[in-house]
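Spelled out, the chains give:
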Amino acid sequence: MQKHIIWATSLFLAAMAGLTVYASWRLHDSAIANGFEISEMHTRSFEDFLTQNLRIIELAAINSVPQETDKPNLKEIEATFVKVLRQTPIMRSMSLLDERGVIVASSNPGNIGLSIVTDSYLPAAGPDQPIMRIGSLWLGRDFSDGREISPQHPADASEQTFIPIARTLMTGNRPVVVLVALNPDYVMNFMLQKINPIEGGGEVLRYDGTLLLDSDVSSVMGLLGKGIWDDLKLSEVESGSYEKDLGGGKKDLVSFRASRLYPVVVVTHIHREYALQRWMAEVKTLLMVVIPALLTVILISFLYYRRQSLALRQKAEIERIQRMNATVFESSTEAIMITDLDGNLVSVNAAFFRITGYEAGEVLGKNPKILSSGKQDRAFYQKMWASIAQSGFWQGELINRRKDGAYYDAALSISVSRDGGGTLQHYVGVASDITSRKAAEKRLKLSASVFSHANEAILIADVDGTILDVNEAFCNITGYARDEVIGKNPRILGSGRHDREFYAIMWRNLIEKGFHYGEIWNKRKNGEIYPEMQTISAVRDEHGNIVHYVSLFSDITERKNAEDEIRNLAFYDVLTQLPNRRLLMERINSARLSNARSHHYGALLFLDLDKFKVLNDTLGHDQGDLLLIEVAQRLRSCVREMDTVARMGGDEFVVLLDDVDESPDVTSRKVALIAEKVRVSLSAPYQLKHASYMSSPSIGVVLFCGESETVESLIKQADMAMYKAKDSGRNTVRFFDPEMQLAVETRASLEADLRHAISKQQLHLYYQVQVDNERRPIGAEALVRWIHPVRGMVSPGQFIPIAEESSLIIELGDWVLKTACRQLATWAGADSSRTLTLAVNVSAQQFKQDDFVIKIERLLGVYRFSPASLKLELTEGVVLNSVSEVVGKMHALKALGIQISLDDFGTGYSSLSYLKILPLDQIKIDQSFVRDITTDPNDEVMVKTIIDMAQNFRLNVIAEGVETESQLAFLKQNGCMAYQGYLFGKPVAIEQFENLLNSSLS
Amino acid sequence: MRILAFVLMLATGTMSLNSIAEGRTESRLERVKEAERVRVCIWPDYYSITYRNPKTLKLSGIDIDMANELGNDLGVSVQFVDSSFGKLIEDVTQDRCDIAMFAIGITPLRAQKLRFTPPHLASDIFAITTKSNRRIKVWSDIDMRGSVVAVAKGTLHEPVMKERLKAAQLLVLDTPFAREQEVESGRADVFMTDYPYSQRFLVNNDWARLVSPTGIYHVTPYAYAVMPGDDAWFNRIERFVSDIKRDGRLWASAKKHKLDPIVVK
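Chain order of the listed sequences is A and B. The opening position of the first sequence corresponds to residue 1 in my numbering, with each subsequent residue numbered one higher. The opening position of the second sequence corresponds to residue 1 in my numbering, with each subsequent residue numbered one higher.
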């Protein structure tokens, strides 16, 4: 439609434009044709005028001269000439030439006598042909003052000119010529009356092309009018017209006409532009009419087009809306039901079927009651219809039933539809299944409940981090009210404790993994900084874009505190608050590492309180604890802040002196000073709860630098040094040296081997003979020997202490006793050996065994020998521990018939009171006294005293370590009764011993 | 204003001359009344003044009108007597007419012989040439070597041009329309005439072109002339002139003949 309008308008416009152009063109042609007509008309008029005037001239010439006579009266002729001239302004003068060509009579007296040659006048003719001929142009007013114009001597157009005309007459039989000066202005004036120079102009040419007159001022008179002449084609036609191009876009409409009597041509130009002037004006007028008319047509068409377009658009819009409505109706997710006034369904949409499960044929014409679930009571429906009746609208929720009987929640709105006149037409119900929405609402309520009641703070922020909501727990923890934080950035909670990197990691986790979990220090509103355990999750929309961040956090201050407490317990001693062994090890380790870099020496002081156990046993553990606390304080005061004082447990402390000096010598001096300071400090009296107490430490020191030793070995080394200090008499300081370590290691190795020594029968019992004053063997001392498969013979001095410390001594002792008893039983079998006694060493631990006496008794039951031949050798140490117990056991042993000897007498606390209390049979003078008995007076006195004392208490005395005769002599002299030593025999295996017995017997 | 002063001076001059010629007893006034006609000399070639249309032979012009008015005033008929400027003095003094009424320019020569009424018109001199004449474009082109200036014999132009032309040749003609013939045929370049003649001539002849003087060339007052020595006649004529000026007859006629620009009030 719109296209048609455009086409029609365009066609009309094109037709109009075409018509206009065509009409203009036709008018143009007509104007040109008209121009030519005008030009031709003028030409005809000019030619007529010129020919007629020339004819008048000819007649005047003929009539002025009487032709009958040979001798005309010149005066009369002249008078005639003057008379004629008055009536003919085209002639300026008339003259008469005689046969010689000399003017003999003239209207102008000035001409008389002039000789005029007329031979070149046209048409060319003989001198006696009575015709009129036309000469070429002369310059001047008349012959008297003129000259002939030639191409060599042309004249300006402004100059006055005349055209000579000769008429030959016959007077009698003589030819004469009447010469006329033709006034060109006369012709010119005629032309100028007809043609305005603006319009065009005219020319007169002689038949030879000479320009005789020209209305154009710029023309050169008398020249051959070449330009025009070539166009004329006078040989073919007498008249014609053509268009002449003047150059410069100018054209003339030229027409020409030859005189019908004389050899001249009249030419007229009409300027083409002049000819077209009228046409131009007409075209202008035409355009002034046509253009507004066309514009009006365009305008009207445009308006019409617009109206049509608008109408089309409106129609399209209406159709679009209708389509849209239909689409909405059909594609709506809400069920739409349209009923008639009786409430019967007339139209339902697809969603209706989807929701209710019914199909098209099943519902149309039915009442929507088919959906009724029966869950709503009568009142519900009454209220609904009342609302519809009153306001035309109802909205609410109800439970409906699907075709399959399933219930669903529906949100229903009912409105009435009226026609244009307001008459009720339909009821329209729109229902949506909100079952899932209901469920979602429940979930939402639950979520909201969780949100508001959670113990954990919850913060919800948008993607920029702006806080959108927080829960109550948040407010409780942070101290901020909800309004104070919403719209803020969680930065307000920042404690400033975390660096940029911390948050960068957090964000990276959030963006890459979608969550971040960890501890963070935040700040409450009151400025308190507290730890949080925080989980931040990024919540994404269905496109995976992060839309929210949800941060859950709890205040873990208490947990942190508990952790610190645990840490304390793990690393610190509860009683003294000093670092414990574990922390100490860490510190030693780090000290080693830093020493390794700085090449400085550090030191470990291992302290053990002397006789602490006694304090605990006597005064109670609480007093012991007080002492330990005091010790800890004193230790701390003795060392630098950077040093570590640790409690290893019990009464053991370790001081770590870090970074002392780079020189080992300087370090050991400095450390010695500190150790001494510690020793002195700890040796000062302690004020305990109830009493003052004296204590002292034994201190072992080890220096270290770098990582050459492990932490454990360093501690062990210090420990060893401490033991050395203890061995050195306590309350002293000892430095660790490598030999000490070697000994310890050897001892450890031996201990390990010793465990298997009995079972592997590496232990052997050796026998050293004991003799009487007569050098007769009276028995032997059983000495255990360890023949180590690698080390060979191991001295008892080496392994017995090991056994004592490791309780192997019990097993060892049992084996010795058993072996000794078996030997005694063997000896009892022979008369020669039946009287021999065998002395067996019993260690303190062994003796302390509750069943020691029973063990002996059992042995006596197993091995048949005289109990008196078994002699148990006890050291003073055995006695010292618990005198009453020892005494009881000793009596029990005595009751079995066993003999008891006190070994190493004189070396310890040997006290006379013991000798009195203990049921001893013998005392044994220690070999240390015997060795120097002959050289040392003190030993001499000692031995004498011991023997005297023994005699006083009626005890046998035996000396051991007798190696020389002088020693024997001295002892014998002083009343000793028995002897043992290399002088009589080394400890030897049983075979050798028996050999020895046999030889001595013999 | 200057024109008017000049005219008045000339007028007073003629009056003193006329009073000398007094002596005749019988006034022409009486004779005219007796004869019941007044003879008025006119120049029938004088466009707008006293022109006889050759096709109808009817007279027209301001002075034809005024002559008729004079006849009316005097109660006599008017008899027009053909004259010309060449024959003017002779015709008036030889009693061929009672009065010459054809806008006669008051020249000293004429004033010696004739008695002039106060002037009713005044005109400068104008030149007529052909449209095709390319040499004469403006006034100053006229007085050039080779130019031919034609004047009618006896007209006031003859003495004026004789006196004033320096280079051009003056052609004095005495046949009717000779000036026009000479110019049209190219034998003369221009002819000299006055305002009334030129105006009328241009209307009738397409080939003619007017060349006006730049500024004032030579203004001549025009009046009626009578034979001197007859005071009664002169006074009557003088009164007539005064009457026609006063009662508007002169003005009305001048307007009719498009001469109002040169009326002397």
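Derived by calculation from the structure, the hints in this document are not laboratory data. Hints are not guaranteed to be accurate.
Taking lysine to any residue pairs in the SDA-like style, the calculated list, with each CA pair at most 25 Å apart, reads [said to hold, decoys possible]:
1) B/Lys131 / A/Ser695
2) B/Lys137 / A/Gln193
3) B/Lys137 / A/Asp145
4) B/Lys131 / A/Arg147
5) A/Lys194 / B/Asp206
6) A/Lys894 / A/Ser913
7) B/Lys131 / A/Ser913
8) A/Lys83 / B/Thr175
9) B/Lys137 / A/Asn196
Each pair of labels, with its calculated beta carbon distance range [unchecked claim]:
10) A/Asp29 / B/Lys166: 54 to 62 Å
11) B/Ser212 / A/Pro292: 42 to 50 Å
12) B/Ser212 / A/Gln87: 28 to 36 Å
Backbone N, C-alpha and C define an ideal beta-carbon position, used for all residues, glycine too.
Taking 25 Å as the top limit, are the C-alpha atoms of A/Lys894 and A/Ser913 close enough? This hinted pair holds, its Cα atoms lying about 19 Å apart.
Holds or violated: B/Lys131 to A/Ser913, with C-alpha atoms at most 25 Å apart: Judged against 25 Å, a Cα distance of about 195 Å means the pair is violated.
Has the given pair, B/Lys137 with A/Gln193, been kept, meaning a C-alpha gap of at most 25 Å? holds, 18 Å
Take a quick look at whether B/Lys131 and A/Arg147 sit within 25 Å of each other, Cα to Cα. holds, 24 Å
Below or equal to 25 Å on CA atoms is what counts here, so check B/Lys137 against A/Asp145. Holds, at about 22 Å.
Compare the distance between the alpha carbons of A/Lys83 and B/Thr175 with 25 Å, and conclude whether the hinted pair is satisfied. The hint holds at about 11 Å.
Between A/Asp29 and B/Lys166, does the beta-carbon spacing fit 54 to 62 Å? holds, 59 Å
Within 28 to 36 Å: is that where the Cβ-Cβ distance between B/Ser212 and A/Gln87 falls? Holds: the Cβ-Cβ distance is about 30 Å, inside 28 to 36 Å.
Given the hint that B/Lys131 pairs with A/Ser695, does the C-alpha gap stay at or below 25 Å? Status violated; Cα separation ~167 Å.
So if I understand the rule, the pair passes when the alpha-carbon distance is 25 Å or less; does A/Lys194 with B/Asp206 pass? holds, 10 Å
Between B/Ser212 and A/Pro292, does the beta-carbon spacing fit 42 to 50 Å? holds, 48 Å
Pair hint B/Lys137 and A/Asn196, alpha-carbon separation not exceeding 25 Å: holds, 18 Å
Of the numbered hints listed earlier, those contradicted by the structure are 1 and 7.
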